[in-house]
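If you read the protein sequences in the order shown, they are chains S and B.
The letter at position 14 of the first sequence is residue 330 when you use the numbering used here, and the numbering goes up by one with no holes.
The letter at position 52 of the second sequence is residue 151 when you use the numbering used here, and the numbering goes up by one with no holes.
Simulated from the structure, these hints should not be mistaken for laboratory data.
Heads up, a few of these hints could be off.
[As the list claims (entries may be wrong)] Dumping the calculated DSSO-like pairs for lysine-lysine here, alpha-carbon to alpha-carbon at most 30 Å:
hint	chain 1	residue 1	chain 2	residue 2
1	S	509	B	181
2	S	509	B	177
3	S	509	B	109
4	S	544	B	143
5	B	138	S	544
6	S	363	B	152
7	S	547	B	152
8	B	183	B	109
9	B	107	S	363
10	B	109	B	181
11	B	109	S	547
12	S	535	B	143
13	S	547	B	183
14	S	544	B	181
15	B	132	S	553
16	B	107	B	181
17	B	152	B	181
18	B	183	S	544
19	B	152	B	177
20	B	177	B	143
21	B	181	B	132
22	S	509	S	535
23	S	363	S	535
24	S	363	S	553
25	S	363	S	515
26	B	132	S	509
27	B	152	B	132
28	B	138	S	535
29	B	152	S	544
30	S	547	B	181
31	S	363	B	109
32	B	177	S	363
33	B	177	B	107
34	B	132	S	535
35	B	107	B	132
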Amino acid sequence: MSDTDTIQPVNPVLAYLRQDRLPHIWCPGCGIGSTVNCFARALTESKLDLDKVAVVSGIGCTGRVAGYMNLDSFHTTHGRAIPFATGLKLGNPDLKVVVYSGDGDLFAIGGNHFVHAARRNMDLMVVCINNGTYGMTGGQVAPTTPLGATASTMPYGNFEPSFNLPFLAEACGAVYVARWTVFHVRQVIRSMKEALGKKGFCFIEILAPCPTLYSRRNKLGDGVDQVKYYKERSVIKDGADAREAGLTFQGDIVCGKFVDRERPTWLDAMNRHYSSVIQDYQGEGHAED
Amino acid sequence: MSETPAPKGKGTVFVRVEVCKGCSYCIDFCPAKCLAFSKEFNAKGYHYPVLAKPEACVGCDMCGLYCPDFAIFGIRVKDLEKAKTK
């Protein structure tokens with residue numbers, strides 16, 4: 317044994333994970349683990365008090381993140397991650413609440429909640445891992461499956477137009493909108509750090525490969541081949557028009573920070589409005605105040 | 100932990116062999132191209148990464164950023180020595 321082996325430094329990310337639950341269930345080549353890696357490093361760099369950070373997930377492969385993070389976390393029912401997080405934030409406004417979920421959970425069954433949380437500018441950070449399919453249930457077509465891709469419920473190719481998630485988030489009123497892929501690890505860390513420090517509804521979409529159900533069914537190779545496609549075809553355009561950031565099957569991917577603006581959050585707007593219409597109003601958002 | 104050779108370059112990597120799933124993210128996206136698959140299998144039957152060119156590794160930790168299984172991470176030799184003196 318050499319000298320370096322006797323020290324055995326530990327992976328810095330392991331401190332953020334519940335190690336009794338590892339190894340995780342994600343397939344070889346799945347990109348969700350890489351985004352968790354980036355999230356842990358963004359938490360380190362943001363220097364937040366980890367007792368004041370909560371992670372909420374819905375159902376799905378990405379929904380498992382809440383169970384693996386060694387933070388206050390909750391694994392809610394399908395699609396209801398944002399309503400739960402809204403309650404958590406309003407019950408304890410000191411918390412930094414992070415919603416970490418997949419595209420099927422946030423935009424199919426939970427689409428309505430996403431739209432309204434963004435409209436109200438609820439102070440949440442929403443991370444959406446977009447793999448373009450329902451990974452956990454067998455590769456059914458999702459609202460984010462690109463046109464022409466094959467899914468288990470679309471064996472002749474998908475003919476439904478898909479959501480353009482950054483445009484949807486911008487149109488609904490999110491104050492921070494960014495899109496990256498699993499290949500852009502450094503940029504993901506930077507975006508997550510910015511969103512952790514920003515007030516209001518922050519949305520980060522991260523494209524990730526689903527090697528088992530999406531790539532294999534579409535004959536796109538393994539997980540790493542999808543990440544190589546992200547490397548080759550992604551175009552970084554900070555401040556680009558989100559309307560032109562739609563995804564096509566194996567086409568160009570517009571990445572970058574689309575929106576970074578200021579709007580009053582729901583709590584600020586409520587306090588301002590009530591202090592102007594109710595004479596002895598002294599609310600801060602706390603129930604006991 | 101793997102049998103990481105003594106650092107010859109500016110950095111080195113540590114691999115938790117038993118949790119690696121052989122996705123090859125670290126090998127394909129290493130900026131110094133210093134990693135390669137092992138000849139051996141781990142307990143689950145996957146080939147894990149080994150430092151094939153130890154002199155080329157700069158300890159940039161890109162492998163650690165990409166690894167979806169938290170199995171590998173890179174460290175600079177001077178940081179390693181700092182940890183040793185602690």
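query = Against which earlier hints does the structure fall short, listed by number upward?
reply = Violated hints (numbers, rising): 6, 9, 13, 14, 18, 20, 22, 23 and 30; every other hint is consistent with the structure.
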